[in-house]
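Line order of the protein sequences matches chains A and B. The first sequence runs 9 to 424 under this note's numbering. The second sequence runs 2 to 427 under this note's numbering.
Simulated from the structure, these hints should not be mistaken for laboratory data. Be aware that a few hints might be false.
[As the list claims (entries may be wrong)] Once the Cα atoms are required to be at most 30 Å apart in a straight line, the calculated DSSO-like pairs of lysine-lysine come out as: (1) B:Lys-6 - A:Lys-67; (2) B:Lys-301 - A:Lys-129; (3) A:Lys-142 - B:Lys-301; (4) A:Lys-223 - A:Lys-187; (5) B:Lys-6 - A:Lys-292; (6) A:Lys-187 - B:Lys-6; (7) B:Lys-153 - A:Lys-142; (8) B:Lys-301 - A:Lys-67; (9) A:Lys-122 - B:Lys-340; (10) A:Lys-122 - B:Lys-301; (11) B:Lys-6 - A:Lys-208.
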Amino acid sequence: MIHFDRFMLDNGLRVLVHEDHDTPMAVVNVMYDVGARDEQPEKTGFAHLFEHLMFGGSKNIPDFDEPLQRAGGENNAYTTNDLTNYYCQLPAENIETAFWLESDRMMELAFTKKSLNVQRKVVCEEFKEHYLNKPYGDIWHRMRTLCYQVHPYRWMTIGQELSHVEKASMEDVRAFFYKHYRPANAILVVAGAVKTEQIKVLANKWFGGIPSGEKYIRSLPVEPRQTAARHVDVYADVPANAMIMAWHMDARLEPGYYAADLITEILGGGSSSRLYQALVKEQKIFSALEVHHFGSSDKGLLALESRLVDGVEHAVAQAALEAELDRLLSDTIPAPELEKVKNKTESMIVFEDMSLTNRASSLAHYELLGDASLMNTELERYRAVTSEDILSAGKNIFRKENSNTLYYHAGKSTHA
Amino acid sequence: MLNRKQPPPIRNAADMELRLPPYHQFTLRNGVPVYTVEAGSQEVVQVELLFFAGLWHEDHPLQAATTNFLLKNGTRTKTAFQLNEQVEYYGAYLHRGCFNDVANVTLHCLNKHLTHLLPVLSEILTEAVFPEDELAIYKNNQLQRLHINLKKCDFVANRLMDVYLFGADHPYGRYTTEAAYQAIQREQLVSFYERYYVHGSCMVLVSGRLPADLQQQLESCLGHLSLTGVRPAGMNHGLFPAQQRIHRIVNDEQGIQGAIRMARPSPTRKHPDFVGMQVLNHILGGYFSSRLMSNIREDKGYTYGIHSYIHSHLHEGSWHISTEAGREVCEAAIIEIYKEMSLLCKEQVSSEELDNVRNYMLGGLMGDLDGPFQIMSRWKTYLLNELSDHYFDESVASIRAMTPQRLQELANQYLDPAAFFELVVV
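Looking at chain A on its own, in the form it has when it is part of the complex (with noise of 0.2 Å):
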């Protein structure tokens, strides 16, 4: 049970605060309600880039992380497609230096043009780092686009290309600032050694006399539901065959969510799950294999991300899966598989519990998803999941006409 109390500035800033005296540290957690997702789509990589430039000075305080290093503190931050989050740890007795910085740049960036200038270049290596100069880099690149049609999650956090974050404006910069960077628009989690009378204090000091802002309404366009399989061939200069299949499945609060998070355990979560038995151990078709899903805020995908052991074809290893995922579909699940993954879930929420900042980030998290609360009552939705459920939920998922194949071939690349 994680507690909190929470309370609302008069500019619309939503404050939480989580006690926890057993530590001497302290976080402050800023998360604004903004994404990639929220991006134009010839303007992609922006809120990352953005993130990026909010280290660049602010304001009143030309550099963010020496007075916060000074104080005994760290940070970092990070973008999704639909969040951008930033967080600060340092011990609890300075916890008023944190309230500064982010206030700081809540008010208003320095908006620097060595800094845009530096961060654009810095974010295109990030970009060719981690995208570009490494075998299947491109994989989510591609399946994105191939998965969604119209809504923006069809680009990357990173962008959809180099030349988008190349010419990001100081226009730009400045607008998106004024648009998403506002109080109405921000969740603040203070999270350790503190009382929540003292934060109310701080926040009303540090964050109060920001402009609220207007809050932002998102209006996305929304994802027509798939009406026929696809699929498209790469081929590049790999060592190994690899094979990526996306299915469409419920956003974070739809109920569908829970069993389709489950059914990601059962498929392939860790040794003994039925994918990685039965395709890599039993049949040797596989040499690695990962299941996962997105759990985005707006309807996401479920992925098998896998590469095949030397000579095997994609054709054989898509009906292999196949198979093994009729089986899922034509059998409830037995009563001790159902009971194991939802005890791996169990202990996957305690031990993420485990860290202040990761208890700040979910407590924020589930706040801009609509309430706080439902933290302490995630492991009740897993435990109420029944094998119908996964049953039902598995039907929907992995229809033929919901997927997605990528057939990635090794040897040489085209160019296209």
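Following the hints, complete the assembly by docking chain B onto the known chain A.
Using the frame of chain A, we list chain B on its own:
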């Protein structure tokens, strides 16, 4: 009116109390030492069995790593699947890892399930059978992975640098080849297992919220095994560092980035200079405001990240600088790296910069100690290196006492550009 230019007052993290919670120790009847740390509020426990079964001890390439990997892939009475299912049914994780000096088997679970899981540990430590079929699958899949990794400039660069530092036949420098995968035999695994696991030297580290009867549980599962608490007799391996200092490799003609690696041999954690070297390393490239990061990423934008770090193995150490940079700016980046090293040799760091890094390091230590596994991980390092129980307090004291003069001396001693191997792999 709030003055936002005025930072709030802070207390120096360097002045705050920093305490590493102590461990408790007892010995099983076979002589195996058990170290425990009771901490945290979640009802979890981690049991790590540490064996002196690392690469240092193997007679054939891949012997140590393959034995470690296949420990849980079949026993006399259970298949790999049955073992994994038993562990996963209780929502537990059973990891194994093989490193330069040691290898481990680690169990993480909710403490309510520990009694069901400890027997799995003793089973894999006495009855592992290393089935031929499991070995064949492992070899095939690892070989494919190796072929993929060899396409990556960072992977190729890392392994070459270890060869330059230690020599291709040294356990710290030896790298995996296709031939080694073809050559590894089941008999080699069985003999390594018998010697270094079944009759091996073992240390048990338990942390988390501990069950009251932990000692009895461990005694009944592990106390009767033919393990020992005595470390294996010293084995020596000669160092054969490369003669040539500067290397350029083109691994991928189409590559758009180069992996830059620079490294030199350095003292290990047991050396009195070590803590000072760590402070100096932070300033050079060990945190976000480091000299290298400020110059090469935040000023020039040559890279997404550049880092320096010190590896301290039980027998040797090394000091590394590592980055991936745009292919066309690699040489420019190297010039800047040398500039930063020379600057630290020529000019004393300001007391402001030193204060900053000191606070960052000690504040970070406080954060790092937040949790039972993190506390144990520190003790593990100290215990493995046979350092005194006061090592933590002494390190904190020497970080507090570090001076710009001392850092400059250390820079002149260790950051001489001519002592570093230099490599770019595109």
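Please write out, lowest number first, the hints stated earlier that are contradicted by the structure. 5
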